[in-house]
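**Student:** Sequence:
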Amino acid sequence: MSQDKVLNISSENFEQEVINSDKPVLVDFWAAWCGPCRMIAPIIDQLAEQYDGKVKIAKVNVDEQRELAARYKVMSIPTIYMFKDGNPVDKVVGVRSKGDLETFINNHL
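Here the sequence shown is numbered in our numbering, starting from 1 and rising by one per residue.
Everything labelled a hint here was simulated from the structure, so no lab data went into it. Please note: incorrect hints may appear among the correct ones.
[What the hints assert, rightly or not] Capping the alpha-carbon separation at 30 angstroms, the derived lysine-lysine pairs in DSSO-like fashion look like this:
hint: 1; residue 1: 5; residue 2: 54
hint: 2; residue 1: 98; residue 2: 23
hint: 3; residue 1: 23; residue 2: 73
hint: 4; residue 1: 54; residue 2: 23
hint: 5; residue 1: 91; residue 2: 5
hint: 6; residue 1: 73; residue 2: 5
[To be verified] Pair ranges (Cβ atoms, derived):
hint: 7; residue 1: 12; residue 2: 98; range: 24 to 32 angstroms
hint: 8; residue 1: 108; residue 2: 8; range: 15 to 23 angstroms
hint: 9; residue 1: 35; residue 2: 85; range: 32 to 40 angstroms
hint: 10; residue 1: 64; residue 2: 4; range: 15 to 23 angstroms
The model shown is predicted, which means the values in this text are computed figures rather than measured ones. Ideal Cβ positions, reconstructed from N, Cα and C, are used throughout, including at glycine.
Work out the full structure, taking the sequences as your base and the hints as a guide.
**Tutor:** Printed below as a string of structure tokens:
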């Protein structure tokens, strides 16, 4: 499906894929054990398909990428950041509907 459009971000590719991106980047901080994260995963995949070419959609596993989670002060998950021009410009915490996330993205296009 569209999972291959969702970038898996690590400290190794964060700067290249997020900070240096010429497009806005939605970054979902998540963990495999997080029930709410699993609930929104299909929505994240749908958004990657829907916004392909306009917005990069990425995921950061907080258990594997603790340094990135700490740098962006992720205290609870899911936390979804919007990066633009290399900077975090907005975030939402917790489960959101697809419509809410579409509005979140559209506000930064």
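**Student:** Would you mind marking each hint as holding or not holding in the structure?
**Tutor:** Structure-based check of all given hints:
For the given pair, residue 5 sits about 12 angstroms from residue 54 by alpha-carbon distance, which is consistent with the 30 angstroms threshold. Only pairs whose Cα atoms come within 30 angstroms are accepted, and residue 98 paired with residue 23 is accepted, the gap being roughly 20 angstroms. A distance of roughly 23 angstroms separates the Cα atoms of residue 23 and residue 73; the hinted pair therefore holds under the 30 angstroms criterion. Among the hinted pairs, residue 54 with residue 23 is consistent with the structure: their alpha-carbon atoms are about 7 angstroms apart, no more than 30 angstroms.
Of the supplied pair hints, the one linking residue 91 and residue 5 holds, its CA atoms being roughly 21 angstroms apart against a limit of 30 angstroms. Simply put, residue 73 and residue 5 have alpha-carbon atoms about 26 angstroms apart, close enough for the 30 angstroms limit, and the pair holds. Take residue 12 and residue 98: their Cβ atoms lie about 30 angstroms apart, and the range 24 to 32 angstroms holds. Remark: the range hint 15 to 23 angstroms for residue 108 to residue 8 is upheld by a beta-carbon distance near 22 angstroms.
Remark: the range hint 32 to 40 angstroms for residue 35 to residue 85 is upheld by a beta-carbon distance near 34 angstroms. Checked against the given bound of 15 to 23 angstroms, the beta carbons of residue 64 and residue 4, roughly 19 angstroms apart, stay inside it.
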